[in-house]
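Asks: Next come the chains, spelled out residue by residue.
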Amino acid sequence: MCLGIPGEIIELIPGPADLATVDVVGVRRAINIGLLGEGEVRPGDWVLVHVGFAMSKIDEAEAAATLALLTGLGQAYTDELEALAESDIT
Amino acid sequence: MTVNGAAHPSREEQVLARIERARRRRPKVREERITLAHGAGGKATRALVEAVFVDAFRNPALEPLADGAVLDVKGGRVVFTTDSFVVNPLFFPGGNIGDLAVNGTVNDLAVCGARPLHLSAGFILEEGFPVAELRRIAESMAEAAALAGVQVVTGDTKVVQRGKGDGCYVTTSGIGVLEREITLGEPTVRPGDVVIVSGPIGEHGITVMVARGELDIEADLASDTAAVHDLVATLLDAVPVRVMRDATRGGVATVLNEIAQAAGLTVVVDEAAVPVRPVVTGACELLGLDPLYVACEGRFVAVVDGEYADAAVDALRGHTLGEGAAVVGVVEEDPAGLVLLRTAFGGTRIVDMLVGDPLPRIC
Amino acid sequence: MRFIDEYRDADKARMLASQIRELCEPGRTYTFMEVCGGHTHTIYKHGLEDYLPEAVTLVHGPGCPVCVIPMGRIDDAMAIARRPEVIMTSFGDMMRVPGGQGSFLDAKAAGADIRMVYSPLDALKIARTNPDRAVVFMGIGFETTAPSTAMTVLRAAAEGIANFSVFCNHVTIIPAIKAILDSPDQRLDGFIGPGHVSTVIGCRPYEFIAREYGKPLVCAGFEPLDVLQSIYLLLRQLAEGRAEVENQYTRVVPWDGNRRALEVISQVMEPRPYFEWRGLGFISHSALRMREAYAAFDAERIFEVPGVRVADPKACQCGEVLKGVLKPWECKVFGTACTPETPIGTCMVSSEGACAAYYNFGRFTRRRIKETSRT
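Protein sequences, first through last, are from chains A, B and C. My numbering puts the first residue of the first sequence at 1, with every later residue one more than the last. My numbering puts the first residue of the second sequence at 1, with every later residue one more than the last. My numbering puts the first residue of the third sequence at 1, with every later residue one more than the last.
Everything labelled a hint here was simulated from the structure, so no lab data went into it. Model, not experiment: these values are computed from the prediction. The reader is advised that the hints may include incorrect statements.
Restraint-style ranges between C-beta atoms, simulated for each label pair [stated by the list, open to error]: (1) Arg242(C) x Glu20(B): 54 to 60 angstroms; (2) Thr29(C) x Thr320(B): 52 to 58 angstroms; (3) Glu20(B) x Asp11(C): 32 to 38 angstroms; (4) Ala51(B) x His285(C): 43 to 49 angstroms; (5) Glu126(B) x Ala162(C): 31 to 37 angstroms; (6) Asp182(C) x Gly37(A): 32 to 38 angstroms; (7) Val308(C) x Arg25(B): 20 to 26 angstroms; (8) Ala22(B) x Glu25(C): 38 to 44 angstroms; (9) Glu85(C) x Glu126(B): 37 to 43 angstroms; (10) Gly27(C) x Ala22(B): 49 to 55 angstroms; (11) Asp185(C) x Ala22(B): 50 to 56 angstroms; (12) Gly37(A) x Ala158(C): 15 to 21 angstroms; (13) Val308(C) x Ala22(B): 29 to 35 angstroms.
Over 10 angstroms on every C-beta distance to chain A, these chain C residues come out as not near it, computed from the model [said to hold, decoys possible]: (14) Arg2; (15) Glu6; (16) Met15; (17) Asp50; (18) Arg83; (19) Ser148; (20) Pro254.
Lysine to aspartate or glutamate pairs mimicking EDC-like chemistry, simulated, CA-CA at most 16 angstroms apart [what the hints assert, rightly or not]: (21) Lys108(C) x Asp216(B); (22) Lys327(C) x Glu13(B); (23) Lys125(C) x Asp216(B).
Think of the CB as a built atom: it goes at the ideal place given N, C-alpha and C, for glycine as much as any other residue.
Please model the entire structure based on the sequences and the hints provided.
Replies: Structural data, given as structure tokens:
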């Protein structure tokens with residue numbers, strides 16, 4: 001229900017408005033980072049942007065883990081199935 | 001599967017058939033007032049044009065609703081077209097309303113196969129509009145005309161009261177000659193043909209949207225506005241072409257739908273093959289837009305016989321304006337009148353005509 | 001694009017699809033609801049159903065904030081928008097939604113000053129630059145969007161911008177899910193959970209679904225592989241006889257959500273005793289209104305609105321579609337009287353509404369895959 005796009009924090013904009021510039025493949029916009037914890041994001045961090053606000057900091061380790069799982073899933077699951085099939089036979 | 005295995009169609013299939021019948025019915029204008037959707041180039045525009053203008057002006061030259069009308073005159077065939085420009089802002093990265101107005105009309109003539117010759121220019125100016133800006137617009141028009149090898153030979157100027165216009169509107173009409181012994185048009189399209197776009201799509205529409213400043217986004221973007229007559233000539237010299245369309249308002253998706261409907265065939269687009277610059281993809285993701293529906297001003301769609309696909313793309317890529325040309329799809333027989341997209345993810349979906357304006361969405 | 005392209009990989013999709021097929025018990029069918037309209041959009045936009053076996057059916061849930069706004073509220077917004085001193089601001093999604101007296105686009109054509117914004121902060125900017133006009137922001141959306149509206153109100157208060165207000169239509173997801181679970185015709189096997197709402201509320205609020213209703217929920221991301229993987233995880237839970245809340249979208253969703261965002265919401269807004277949902281009727285504590293302390297920014301208090309309940313058009317079966325009882329094409333008016341150009345129900349308006357998504361993208365997907373599987 002809510003379009004959220006990953007963007008990279010380019011710079012924090014000084015001032016009371018809690019703003020930062022994000023880059024989405026070359027498209028830049030000032031967004032509000034006030035919904036994140038104080039000092040939670042720095043330039044180079046990736047955030048999820050929704051209606052001009054950073055909603056969440058993207059966890060790069062978790063992102064890699066999900067992909068690794070997707071890649072590894074095939075093999076692990078095939079092995080498991082084979083084991084299951086064998087145990088059924090005996 | 002067993003449920004649907006019977007010879008008669010399933011209920012879902014019956015519903016889908018009913019929808020297709022409804023889609024083929026003559027469009028109606030239901031609104032009591034003109035909305036912005038009527039100018040967006042999609043279904044509403046089509047409905048308005050058919051229900052109001054075609055109804056009033058009905059004649060064989062108008063009815064194909066091509067980018068221009070092909071007319072038989074003594075000694076040859078001419079192509080005649082007209083286009084109005086109301087772009088806001090008037091000046092944007094890559095161009096302004098002036099060169100846009102020249103290129104737009106030149107391109108409409110070019111994709112009809114004609115060599116563009118003469119243009120008219122009508123200006124509707126708002127009281128208070130700076131003369132310096134008008135001069136800049138006129139200078140851009142002159143430059144664009146020189147580049148396209150056309151002359152602006154007649155014109156008109158009207159001024160409306162302050163608040164009754166948006167600074168400056170321009171209407172250009174153009175005449176070109178059809179010198180080649182060719183007949184272009186949707187009826188010539190056959191299953192097995194390929195669909196080519198002449199370059200990366202969506203740059204003009206996104207540039208203008210960003211330049212308006214309302215969305216507060218910045219991007220290294222420039223309009224793709226350019227006269228494509230020379231690129232078209234290069235293509236026509238290289239291979240036989242079935243039909244070409246200028247992919248302006250409503251974007252490539254709208255043009256493909258018009259081709260599919262007029263030809264009574266299907267266009268199957270390969271999403272991964274559609275050239276889109278990364279920054280345009282980024283802006284579209286951020287705003288929830290689909291680049292297939294975003295306007296171009298210097299790109300066209302061409303349909304050629306499948307056996308000429310490589311030759312056509314090679315010819316286009318040999319020209320500076322066609323470096324990004326690519327085969328994006330094929331023409332198939334069934335389901336008639338639809339555009340399907342094979343998604344990069346490996347699925348299939350419909351690409352329908354644009355409904356209303358492409359509005360940025362948050363949901 | 002980083003964090004997007006890698007989750008659209010067709011090879012990984014094929015692999016997941018084969019595992020999904022293997023997890024399906026012969027003769028058994030599975031019905032999952034994707035709660036969120038964003039998922040509906042993803043499913044259709046990428047043609048994801050082409051990867052699913054016939055045994056798996058996806059039902060499109062109520063998580064489209066535009067689709068669930070009742071006609072009466074749109075008429076109220078229109079009454080505000082038509083006042084000469086008002087500039088109404090709204091997300092693009094809202095512009096075409098029909099109320100009893102047309103849509104925002106119609107009102108705009110008839111002279112109302114209605115402007116589209118990308119962010120509530122843009123609406124605040126319009127207020128700043130138009131001090132002689134009353135700028136109203138049409139607040140719509142679930143918990144994902146509510147903090148942005150609340151934060152904007154806090155900024156307006158801090159800057160003393162007195163000509164800004166919010167017409168608050170924010171809704172909350174849990175009561176809607178509960179209403180669906182309690183509906184007698186519900187036949188769901190599990191839920192694809194709303195990923196972006198969960199960035200705010202976290203995964204804990206869904207635990208009752210597993211505990212009390214015995215149904216699994218997997219909180220899912222919005223790229224097609226995310227959705228496919230979530231379906232795989234749901235099937236695996238069912239195969240192993242589990243019913244739990246799992247988080248597939250760990251790169252974005254912390255288990256405990258965003259505490260700061262929840263605080264901002266509850267500082268500015270409070271639950272309404274009840275709120276009408278299009279098609280679902282009145283659901284208690286399912287929406288937010290502005291707190292008394294922020295009355296100065298509450299358009300409902302500032303302007304008089306008719307507040308009249310407008311019945312949904314009789315022919316429209318949006319309610320059944322939103323509950324997942326009917327597939328979009330099973331609705332009586334689908335695709336003939338009700339189309340994206342002339343929507344009768346809200347599900348046909350928003351591009352993530354179940355009907356519009358099916359009409360625009362999906363109509364041929366299943367049929368074509370059936371044809372190819374026969375040959």
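Asks: For the pair we were handed, Lys327(C) and Glu13(B), check the Cα-Cα distance against 16 angstroms.
Replies: Holds. Lys327(C) to Glu13(B) sits at ~13 angstroms (cutoff 16 angstroms).
Asks: Take a look at whether the Cβ-Cβ distance between Glu85(C) and Glu126(B) falls inside 37 to 43 angstroms.
Replies: violated (25 angstroms)
Asks: Using the C-beta atoms of Gly27(C) and Ala22(B), is the stated range 49 to 55 angstroms upheld?
Replies: violated (37 angstroms)
Asks: Quick one: work out the minimum CB distance from Pro254(C) to chain A and report holds if it exceeds 10 angstroms, violated otherwise.
Replies: violated (7 angstroms)
Asks: Is 38 to 44 angstroms respected by the C-beta to C-beta distance linking Ala22(B) and Glu25(C)?
Replies: holds (40 angstroms)
Asks: Mind checking the hinted window 52 to 58 angstroms against the Cβ distance between Thr29(C) and Thr320(B)?
Replies: The hint (52 to 58 angstroms, Cβ to Cβ) holds, given that Thr29(C) and Thr320(B) are roughly 57 angstroms apart.
Asks: Can the suggested window of 50 to 56 angstroms be confirmed for the beta-carbon pair Asp185(C) and Ala22(B)?
Replies: Because 29 angstroms falls outside the window, the suggested range is violated.
Asks: Between Val308(C) and Ala22(B), is the Cβ distance one that fits in 29 to 35 angstroms?
Replies: holds (33 angstroms)
Asks: A cut-off of 10 angstroms on Cβ-Cβ distance, and Arg83(C) was said to be off the interface with chain A. Does that hold?
Replies: holds (25 angstroms)
Asks: May I ask you to check that Glu6(C) keeps its beta-carbon over 10 angstroms from the closest beta-carbon of chain A?
Replies: violated (6 angstroms)
Asks: Find the nearest Cβ of chain A to the Cβ of Ser148(C) and say whether that gap is larger than 10 angstroms.
Replies: The assertion about Ser148(C) is violated, with a minimum of 5 angstroms to chain A.
Asks: Taking the beta carbons of Gly37(A) and Ala158(C), is their distance inside 15 to 21 angstroms?
Replies: Taking Cβ atoms as reference, Gly37(A) and Ala158(C) lie about 19 angstroms apart, which means the hint holds.
Of the numbered hints stated above, those contradicted by the structure are hints 1, 7, 9, 10, 11, 14, 15, 16, 19, 20 and 21, listed in ascending order.
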